[in-house]
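For reference, the chains in residue letters:
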Amino acid sequence: MIRLVARRIGWALVVIWFVVTATFLLATRLPSNPAKTMLGPHADAAAIKLVEDEYQLRENVLVQYGTWVKKVATGDLGKSYRSQSPIMQILGERIWPTIQLALAAIFLQLLIGLPLGILAAVRKRRWPDRATTVVTLLAQSAPQFLLGTLVLYVFAYRFGWFPISGYGDGGLDRLWHLVLPAFTLASVGIAYYARAVRSEMVDVLGEDYIRTARAKGLPERTVIGKHALRNALGPLVTLVGLDLGVLLGGAVVVESIFAWPGLGREVLQAVLDVDLPLITGTVLVAAIAIAVANLLVDLLLLWLDPRLRDR
Amino acid sequence: MKALAVLLALCACNTPDRRPKGNVAGATPKSGGTLHIATKDQISSLDPTLVYEEVSTYIMQPLFATLVTYAPASRDPGALPPLTVVPDLAERWEITADGLTYRFYLRDKLAYEDGGPIVAGDFKYSLERALSRADSPYRGFLVDIVGATEVTEATPDCAGIVAVSARELEIRLIHPSSSFLYILAMKFATPQRGSWAKPRLENGQLRREPLASGPFKLGAPWDEGTKIVLVKNEHYWAAASTYLAAIEMRENIPRDTQFLMFERGELDTAEKLSPPDYVWLKGDKDWERYVRQTAQMVVFGARMDTNQEPFTDPRVRRALNYALDKDHTVKLLNGAAVPSHGMLSPGMLGRDATLGAYPHDPEKARALLMQAGYGTRFGFAPLELTYVTQNDEQAETLAGAMQADLAEVGVTLKIELVSFATLSTMTGSSDRPKFSLTSWVGDYPDPTNFLDVRFHSRAIADETATNDTNYSNPEVDALLDAARGEIDTEKRAVMYRRAERIIFHDAPWIFDYHPLTTEVIQPYVGGYEIHPIWGRDYTHTFLDDGTTSTVPP
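Protein chains in written order, with our numbering: chain A, 1 to 311; chain B, 1001 to 1553.
These are computed hints drawn from the structure, not numbers from a lab. Where a beta carbon is used, it is the ideal one built from N, C-alpha and C, also for glycine. Misleading hints may appear alongside valid ones.
[To be verified] Under the rule of at most 30 angstroms between Cα atoms (straight-line distance), these lysine-lysine pairs were calculated in the DSSO-like manner:
hint : chain 1 : residue 1 : chain 2 : residue 2
1    : B       : Lys1109   : B       : Lys1021
2    : A       : Lys49     : B       : Lys1198
3    : B       : Lys1364   : B       : Lys1414
4    : B       : Lys1272   : A       : Lys49
5    : A       : Lys216    : A       : Lys124
6    : B       : Lys1040   : A       : Lys79
7    : B       : Lys1282   : B       : Lys1272
8    : B       : Lys1364   : B       : Lys1040
9    : A       : Lys71     : A       : Lys49
10   : B       : Lys1021   : B       : Lys1198
11   : B       : Lys1364   : B       : Lys1331
12   : B       : Lys1331   : B       : Lys1272
13   : B       : Lys1285   : B       : Lys1040
14   : A       : Lys79     : B       : Lys1198
15   : A       : Lys71     : B       : Lys1198
16   : A       : Lys70     : B       : Lys1414
17   : B       : Lys1434   : B       : Lys1364
18   : A       : Lys79     : A       : Lys49
[To be verified] Some chain B residues close to chain A (C-beta under 7 angstroms, calculated; not the full set):
hint : residue
19   : Tyr1052
20   : Glu1054
21   : Thr1425
22   : Ser1430
23   : Ala1459
24   : Ala1465
[Stated by the list, open to error] Have a look at the derived ranges for each label pair, beta carbon to beta carbon:
hint : chain 1 : residue 1 : chain 2 : residue 2 : range
25   : B       : Glu1396   : A       : Ile99     : 47 to 55 angstroms
26   : A       : Ala142    : B       : Asp1361   : 44 to 52 angstroms
27   : A       : Tyr65     : B       : Asp1284   : 51 to 59 angstroms
28   : B       : Pro1020   : A       : Gly40     : 38 to 46 angstroms
29   : A       : Arg58     : B       : Asp1361   : 45 to 53 angstroms
Hey, can you work out the whole structure from these sequences and the hints?
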């Protein structure tokens, strides 16, 4: 068991290293000179050389990579070309809004997706099932920029129930600001969860032990809630874990629409500015989030299903 | 289904009142209140020595005062207002007859936000910081000062900048400069107290902790990327003519969202309106008078490398200027632009208003191309070009229009889209594309900041060229040099007009348009016009929304 866990952790580290290295190498190949971006159009060659030397921009890519790895090993991710702020500081400030948004989205996905899925399975081929299919299909196919703009227009602008954008001042105000972005971000997940739960539940409800439970005269609520649902939740654990990993990497579109100061918006700005240290820093966070989430899912499944431990 | 129907019905019933709301501002300024504004971008830093982009200027202007500044904007849509230099922290100045020595006399009892005195040595410190920092974009502006080129990070003392006394500053130049006062009005020339800056430079916090010398100061720690709050600085010498108690600027708000927030009254102004919002406002008789539109010192066009075929032939360059329909460009920009015939914006010194843009004349364009050996008939060589432009919506639309215009005269245009950062690196490098989008945003309203930078042969270089067309004409060089050293404004204007004509005829760019900046304000916002230099300058703005009070006499 310990060897298995160690192997998984090892693989997670390899994945993180690979993703970040690939990003670093790709980003250094972009045709953009940060020294010129930083100094503006009036910079002379001497000034550009000074900045290029300071940031090692004239060095060979492998030398730049080597220096970068050495720095990362000491917890220094460098400074942003654009704002000159330490990357660690930027990531530190941006990660918390992203965590809040990700957790809120997961919460909504479970809160809405789970009951919808159960309802659709229990009322299979009747109108609740068909309505769920239509709604989930719409939610899955609507792009987030469209849905985000739509909910913003309807619920914030027309009705004024929610703030149009921003992060709020903490407490209830923050929660109030969180609703629309979290709902937009959760929309696809809600649909996935509903469909996954429905399909699992439909399978489980056809099993012999469910028939036995019903034959014993157990109330339908117990049959569904205790016997069927518990067995249908396995795949949902995987979905939630992977989603959490992806969401923690930042939600570019939703954060931009709602001016949510998270990692996603920072990634977008970094790419537009070709801000290499910031690009690699944000990718590093995303890669760690996904790798850790995968690892946790694996461990959780091992714990839930002892049969997997022998594989 | 029922829920959806109810929602749709609610939406239909709940049509918001889109007419202007609230009190209409009177002519008398009122004091107090918080102005709520937003920007779609993100402020990069509050360090005046290092920051060089538009959105940060919005905040630099209220935070930092300089020796001299520009008179407030006046309402003159379509052309630049006269940008007069007026005293700010300096109460007066003297320039010697040879134009080489400037002596500034500071006002009495000038103070920073903390009440500490502003002294002449603080100007010396900030100018030397701009000269000695490798990563300062402003080094190039100060090279006319005696000893400036010898300044390094290790030896920051500049012989030409002397703090004669606490209230007297002397700056000596190598040769006369008609634009030096403009340069001193730029925000990097604000006084900085060394004892404040040095410890913050060491811990990296100067970019977040400015020491204000202007009409406003930071009211709360900057919530970077989200919002910045400024409050009135009572220590500013002209605090009596600052009316707002605070300015709250939200960052990273997309322009469509800004307009929705504006309509709901959450914002007091909305900038850079999207075309549908702009057209709607201009067409609404109630809103029209609250739309502000001003010419900026900005020009857009297409640069052609005069060293590379087919642009070595001026007939080809002129032909493309005739081929492009600038009126169509203005239509595509919903009227928020003026066709250009050169780099200088309407109203600027040296601009020849009688010249007019190249007319849209496909016949003439075809004839010129045939004279140069290009065409689609009679065995002429067909002309195929690649145009590199920026991957944003507006640039793509305009490139598409250019493609159609050039097709009309038999030129096949291939469009290549790249990001802004990539485009500026490409055009600044030795293997630059021969045909690409170009633009210029002026730092100050003098032709030296436009024509000298983009069309003087001195600015041709392999790696750091600002003259990225390799355009070289000895007559233009001589005119620009003579005008630069001339002090008499009228004589300078004559020389620049002559240079403009020659450049127009040589056509190293397809001159396209000068954009107009638009902003809409709430009826209760008074004393506000867009400033051509600062963009948004709310220094003399006031709110007349019923919560503010009359300014005591």
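Task: Hint check against the structure, violated hint numbers in rising order - done: Hints 1, 4, 8, 10, 16, 20, 22, 23, 24, 25 are the ones this structure does not satisfy, whereas the remaining hints hold.
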